[in-house]
Structures are given as C-alpha cells and as structure tokens.
Amino acid sequence: MIQTVNLQKLFATEEVETTALHGISMDVRDGEFVAIMGPSGCGKSTLLNILGLLDNPTAGEYHFYGTEVSRMSERQRAQLRKGSIGFVFQSFNLIDELTVYENVELPLLYLKTPADERKARVEEALTRMNIMHRRNHFPQQLSGGQQQRTAIARAVVAKPKLILADEPTGNLDSANGEEVMKLLMQLNDEGTTIIMVTHSPYDAGFAHRIVNLFDGKIVTENFHV
Amino acid sequence: MLHNYLKIAFRNLWKHKTYTLINTVGLAVAFGSCLLLFLTAYHELSFDNFHTNGKNIYQLYNQTGLSNKGVPMPAPLTTALKKEFPQDIKHIVRVVSGGTIRYGDKSFSKTVRYVDEPFLQVFSFPTQRGARPESALSSLSSVVLTETAAKDIFGSENPIGKTLSLQDETGWKPFVVSSIVADYPDNSSFRFDMLVRFEADPTYQLNKDNWDDSYHTVFLQLADNVTQASFEQKLRGVVKKYYAGNLSNLKRDGSQPDENGDLYSLRLLPLRDLHFDPEVGTAEVPPVKKSYPYLLLIVAGFIVVIACINFINLSTARSLTRSREVGMRKALGALKSQLFLQFWGEALLISLFALTLGGLLTYGLLPVFKQVFRSTTSFSYFQQPAILISLLIGFLLITFVAGGYPAWFMARFNTIKVLKGGISLNRTSILRNTLLVVQFAIATLLITCTVIAWQQINFLRKMPLGYNEDQVISIPIRGSINGRQMLRLLRDRLSQQPRILSITGAYKNFGRGLDGSTVTSIMGFEHNNHSVQSHWQIVDYDYLKTLDLRLIAGRDFSREYATDTTTSVIINEAMAKALGDRNPIGALMQVDSGRAPLQVVGVVKDYHHESLKRKIQPNTLIMDQGWPIGYALVKIAPDNVPATMAMLKKTWEELDPNSTFQGSFLDENTDRLYKAEERLSQLFISAAIVAIVLSCLGLFAIAVMVMTQRTKEVGIRKVLGASVLSIVALLSNDFLKLVVAGIVIASPVAWYFMNQWLQDFAYKIDIEWWVFVLAGLLAIGIALLTVSFQSVKAALMNPVKSLRTE
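Protein chains in written order, with UniProt numbering: chain A, 1 to 225; chain B, 1 to 806.
In case anyone wonders, no lab produced these hints; they're calculated from the structure.
All figures in this text were calculated on a predicted structure; none of them were measured in a lab.
Idealized CB from N, CA, C, for every residue including glycine.
As a list, the in silico DSS-like pairs of lysine-lysine whose alpha-carbon atoms are at most 30 Å apart: (1) B:K15 x A:K112; (2) A:K159 x B:K417; (3) A:K159 x B:K336; (4) A:K119 x B:K7.
Some residues of chain A that are not near chain B, with every Cβ distance over 10 Å (derived): (5) M26; (6) D27; (7) D116; (8) E124; (9) Q141; (10) K159; (11) L187; (12) S200; (13) G205.
Restraint ranges, calculated between C-beta atoms of paired labels, are given here: (14) A:E190 x B:L730: 49 to 59 Å; (15) B:L730 x A:N136: 38 to 48 Å; (16) A:G191 x B:I389: 54 to 64 Å; (17) A:G191 x B:L730: 55 to 65 Å; (18) A:G170 x B:R412: 23 to 33 Å; (19) B:N798 x A:P114: 46 to 56 Å.
Given the sequences, and given the hints that come with them, work out the whole structure.
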C-alpha cells in the first residue's frame, strides 16, 4: 500500500540547514497498524506529513497505492488526499465556528457527496464515535475526549483506507486516551490502515509494528504479534 | 458547500463583533462619504450637458493680449458675423438682462433675459405649453415664461395669451405670453424666469449700430462641420476688419500680444466649459475651477483607500484566527482557489452590506449635506445607467483589492504550520506597516490642507477692505419704484431716525447681495496719449460718508456744486496712478467724445471694491444721472441691530408694497464671494475628519491585535522589572514611527498643493512651518491616544496572567 524509498527532507533557512529525514525506506501493508516513535525533533511528524501528502520529500520516492507521488504538485496531492486519507491531530483541529455535525460533514462536502448520503454517513460516524447526542454543540462546549472523538468521526466519515494520527492522545487524560486508542483499534480491525506518531509506549503497544526514529533515520523496528 | 461557506461566514462575523463592526461601519462611512462627494463632483461636471446641441454651442469672448477676458459684445458684431460667415454659423444668440414684471397690480422680481429669436432652438429648455421653440419668440411682443414663474405670476390661470407688463427705463410695456417652458435644471448655467426678444430691449435702438458700447453676451451654434479652432482662425479676420482702431491703440500703448501674436482676439468658449471659467462663466451660478470636482473625487478616493487599508490590515491580522480552519480544509482536500473564493466571498458580503448601509447613509444625509455645503446635487443621478454601472465596477474593484489580498494571503497558509499552530502575526509586516504609513500620510495631508485653507479664508475675512462692511446694509431696489425715487423716499422717512446714520445709493453692489447678482462695468478712454481702463460706479450723495471711505485729496460730492451730478468724478489711488497726472485733482477725462470731459474732484484711499482674488483696480465714482441706482446703502448705529433691520424692512415695504426687502450687511455680501472656497474648505474639513476617524479605527484594531500577540513579551518584561511607562512607550513606539513616516511624506505634498491653490489669490497668506508641525502633532496625538489605550491595558496586565495566556 505504502512504500518509501530513501526519503530525504531538508529544511533550509538563510542561515541553517536541517536534515529532518535521512533516507527513510519503509513499507506499510494494507490493514497494518504502525506506530512511529522517537524523541522530539527526530522527524516523526515530518514523516507523517509526507506520508499524508501534506508535504513533499526533498529526495527519494514515495509510492502511494502504486503511484509515485513525491513530485506531485499541491493541487494533485490535494485531489489524491481527498477521501483516501483521514487525519487525527493531537490538538484536534476542529473548526470552532462549526458544530460537531458540520465539522464531521466537511470532508463529504469536498467530495461532493449527495445530501442524503452525506446525512446518513455523518450520523453513522457520530453514532459510532458515541457523540451523536452532541451533534449540535460547538467544539468549545465539548470535553477533550469528545473533541477527539469528533475529530476521529471526521477522519473516518469519508471511509478512507488510511488514517494518520499525530499523537492522538497527547492532549487527553488516560481514560479518554484509552477510549480513543480503542476506537483506532476497532477501525484497524475493520481493515483501515493506521499510522500513528506517539510518545507513549502504552499507546504504541496497540500497534502491530513500532518504528523507532532517531535523527531522521529508522533505528529499530519492533513487531508485535 | 455554499451553505457551509455562508454559515461559517456569518458565525465568524458574529463571533468577532468588534472586528465586524469596525470593518462594516468603516466601509459604510467611507462608501457613504464617497457617494456624497461623487454626487457633488458629478453635479459640477454635468453642468450644461443637457443641451442637445451642446457640442456645437460656444460663448464668444474677447481677450486683450495676455490680460483678462471680457464677455460683453457690441450689438453690431452679431450682424457682422452673420454677414461674414453665413455657412459656418447655424444660429447666433445675444443675451442681456433686465426688467421688472407687473401683472395686474402686482410686481414680481424675476430674472428677465432679452434674447434673440432662435434662443429656444439653440438651447434645450423643453416647451410645456403654447408655441413651439421655433415660433415662441417670433413676435417682438411675445414672452416665454418658465413653469414656476408662470405659476407665481398667474397662479392657476392659463398663462398662454395673457398680457403682462415689463418695466424698463422708458416705463411699462405690454407683452403677451406665447409659451411656457420647463424650469431650468439645477445644473444649468443659464437661469431665467422670462425670455423677451432682444430687440425689445429699450437700449437696442440706441446701440444697434454702436461698436463702442459692449453690453450683451453672445452665443453661437456653429454648423456641424465647423470646429472651434477653424472658426477662431476666421475670427482673426473679423478683428482685423472691424477692430482696426482698437488694435492700433493697443499697439501704441505697448500692449503685450498673446501666444498667437494677437493684441486683441475674439475667441470661443465651449458651452461645456462655461461652468469652469470664472472670467467668462455666468454670475448667477458662480463658476468653479475645473480642478474642484476632480479634487472632490480625489478626496473620495483617499477615503476609500483608507477604508480599504483598514479592511486589508484587519483581515490579514485577523486571518490567524482562521488559520486552523484553512489548514483543516486544505488537509481535507480544499484547493487554494476554493479557499480564495470562500474568503473573498466573505469580504464581498461585508462590502455589500456596507454599501447598502452607505447608500442609506447618503440618502439620509443628502438633504443636510446639500444645506451645509450649499450643493444642488441630486440622488436621482443614480438612476442613470452609466452612473450605476460605473459605481458597480468601482465597487467590485474595491472589494477585489480589499477582500482579494487577505483571501489570497489566507489561501497561501502553509498547511502543516497552521495545523501545528505555528503561524504567528508578524509584528513588522512590511505590507501592513506601509499601508498604515499611507493611511496616516493621507490623513495628515488632509489635516494640513484644511488648516491652510482655513487660514486663507480667515485671512480674507479679516482683511480690512477699506470701507465700513459691518454697519452698512445694502438693499437691492427691484420693485415698481425707480432707484433714485426710492432713495429720496427713504431719506425723507429715515433721516430723522437716530439709528440711521447715513443713506446713499449705487449702481453696483459690494460682493454678492441677496439678489444674487454681481455687475462689473468698465470704461476705457484715452488720456494724455495712453489708454486708461477704470471700473465705473454710479453713486449718490453721502457715498463716502456712508462707507467710511477715506478722502486723501480734493473733496466729496456736494449738493453745493451743480456740476457734481454731471461731470465731477472721485477716483481711487489706483486710478490716479493710471491717469499718470502729477496732481490728479482737476484732471480732465474725455470718456465720451460727444460729451463734456469729466473732472476729478477727489481721490479716495484704495479700497477693495472687488473680490480679494484680484488686486485693487482703478475705480471711478460718478453721480451720472443717466444711469440707474440699483442698491440703497444704509449705515446704521451698531446698537440694537435687529430692531433697526426690522424698522428698515417695515419702512421699505410701506414705501413699495410690491417689492421684497432683501437687505443684507456688506460683510455678508463679501463673504458670499468666497463661497466656493468656503465650501471647499468645509468639505475638506469634513473629509479630513472622516479620514482621521477611519485611520484611527484601523489603527485601534491593529493595536488590539498586536498587543494580544505581545502579551507574553509584556509579561516577561514585567517579571524582569520593566515599569508600566517603559512598556507603554515600547508598545506605542512601533506605531508612532509609522505615523511620523506618514507626516514626513505628507508635508511636502501638502505644501506643494496648497501653494498652487494660493496662487489664485491676489492677497494670500504665507504657508508657515508651524502649520506642518501642528498638523503632525495633531496626527501623532490622535494616534497616540488610539494606541495608548491598548498599550496601557497591556502594560497593566498581571504578568502571571499574561504569561498564562500564552
């Protein structure tokens, strides 16, 4: 499903050049749950952004479902991203001016899903994430856990094959964090590929495989059975 | 999706009420002011555009060398022109004013114009009733009335075929109403209540072959294939043929030729330029300089620029609050173009709302505006499709720039950075700072111009005119009693009144009285082998005494000398200089070859008998009984003025029940001469206030944003021991630098423009350095006040709290 070959990412300002990724080659299979770990500044989020087609690598190859995407324009990446990748962030990134329902509906609007189907899918996602009763609330009126459940509902509503989660439990207490991880597990069990960046060994324990990064390189890979 | 965009737009506007209010109110005020200024400018520019033949109509004027232009023409000139150029001239129309109307036993003070027969064919004043334009003035005893005049005179009666009387020097004469035309529109330079045939003017028979008496204006409608330049070229031949004597005199006196090498020329002024030529334009609608309406449009543009800058600055500064939305929408697959359209659409929404509000503001304020600025513009101009379309294009352009830049700015946000919350407002955004500088430069420019214009107007107002302006009342004599007779009656009735100090009369008024007319009469003659030109004022006894004119040589007119009502004259210093005699007293002036020479009996100190825009010209006072007295001048005691005015009015109306009392003080009359300048400076003041308020509104909002951004910095500085004052200074400093930059840019520009403007005045102030300092300090003060409210608030914040907010 996903294959990267010798991915490089260089951030250059006028004064400094920083290499964030240093030859990352990895495969992620369909239905796999991969956790990426490592200390701060090791390149976890940079890798996740490239995998999520939010950014291009400086060098190397990235095959997304057999298509080489590393040289695509932003416009092409946006088209590909739409509907095939769902995002979950540490800070939820819900739009404050939209209700829970409207936030979850947003991906379907960009996919131009017909109104009836949109309604059914949003309600299904909300019910699944156990947030249906809060559908007309605004994000500020929700607890952290509820906000993250809404964000997950938004990530899954378009039924993407891949979900990228960037420290999804980072802003949550342990009970809410546990709940979120269970939801992700459940999605994975149903066949959704999940790549998650985390600092938490406990959360990483839910994954099939843990990739450890250090200074932009993969140092170890641990498999759970 | 549109539904989603609208929903989020409204929720955002509602959530950030201060921002929405500043943006909407700012734009609405700007749009409203702009529309008002646009209406005024358009009205001025539309003057005399309604005549169907307009592009072929010209007013004839003469120019002596490089000196002033003159419009009065001698009666035989038109006959000569018709004879010389029968193919080139389609119609020729002479115009002269005069007369009082009587119907039954009632007199009416109306504007009567003696015009040639084709007047209504040349000019477009549509017939409402009666004879058509071609035949309305075919008879010498026919008159044409405007709708309003007909209603005033005849009430509900049918005026067609009715006989009314018209008074001239020879008495009352009957005329029959042949036609009623529509009232002249507000943007017409021609104003009249009644038209009479030119040949019916009593002076016509005396003057029809007299080349020496120029007393009427001439309008030409040229044939379609004749251009102004080609006809003016032909007019050079006319001057050579008919003005040979005049030319040789000018040559002898060493007159300077004009740019074509002509000492004297006849020229054409296109009708569409009539309103913009102060020397040729009509007196009843004071012409304005052509730059005036354009100046208004520039000021309107300035105001819109300021409002747009606010919009751009506020929107870009506020865009941070939407950054997460942008990031998320991008992550979900939104394209830049989609985001641009979304945000631009929001700007369009605000602008549309502001335009509606501005339109309502214009509509509501127009009556007040018209009254305050004495404008005759109308909201109905917006019904013209061309105006509507150009306004729509202007509006879309404004929203495209003001809303487009912030939309483009937001659409370009880096997805990864905004999702991580990594974008912050740049404290030293070059664009924002440049825009703030431009804003304050415009505001300072307007403040400086306002101060200088106000100084000049004040200078003119306060300048001693050399005569008593605040105690003398001038009353136009327009009723059924002739001027000299009225003067006698007034003297009989009022000479015993202690509050009436002195009474006299004159042919011409000072400044512009309540009758709205100004007259200039200039006589030219040969004196000791050189030409002399002098203003000619017909006066009555006690003129010097009433006006407190200072006699510096000779004596005043006196009843003891019989010659004083025939050949004695009193001249001013400028005239004494023009005559060139060592001792002007006793000098003889041969003005009219057929009559006895006039003798100078007195010289008065120069006084400003004309507008202060011109240097004092030679002036001659004469008691010639052949000329009419048009104005009674009454000097009153300074105490209890309202009672004296009421007594004068009562006496006047008792003496002539058919006429209206239109007395006004001379200082009010001279003030009216500077109406255009006053109007301009008032408009400038208002525009400057709007500009300043809008600039401050923008600055305030930006200050709020920047202070919020710097909360953490303030907290840290306070923890490290900074005082409140030092923090206020630090925070205000960034903004003050921008304001100072604006002042530095604006000052030389203001100096240049105002210096140009002052060139129009013969008597003017010097632009002083302190004006710029004052305007600068004012701008700094206002800006400081705006910003310091926010900086003090930030500086007083508890550092524990401000650090926590980060």
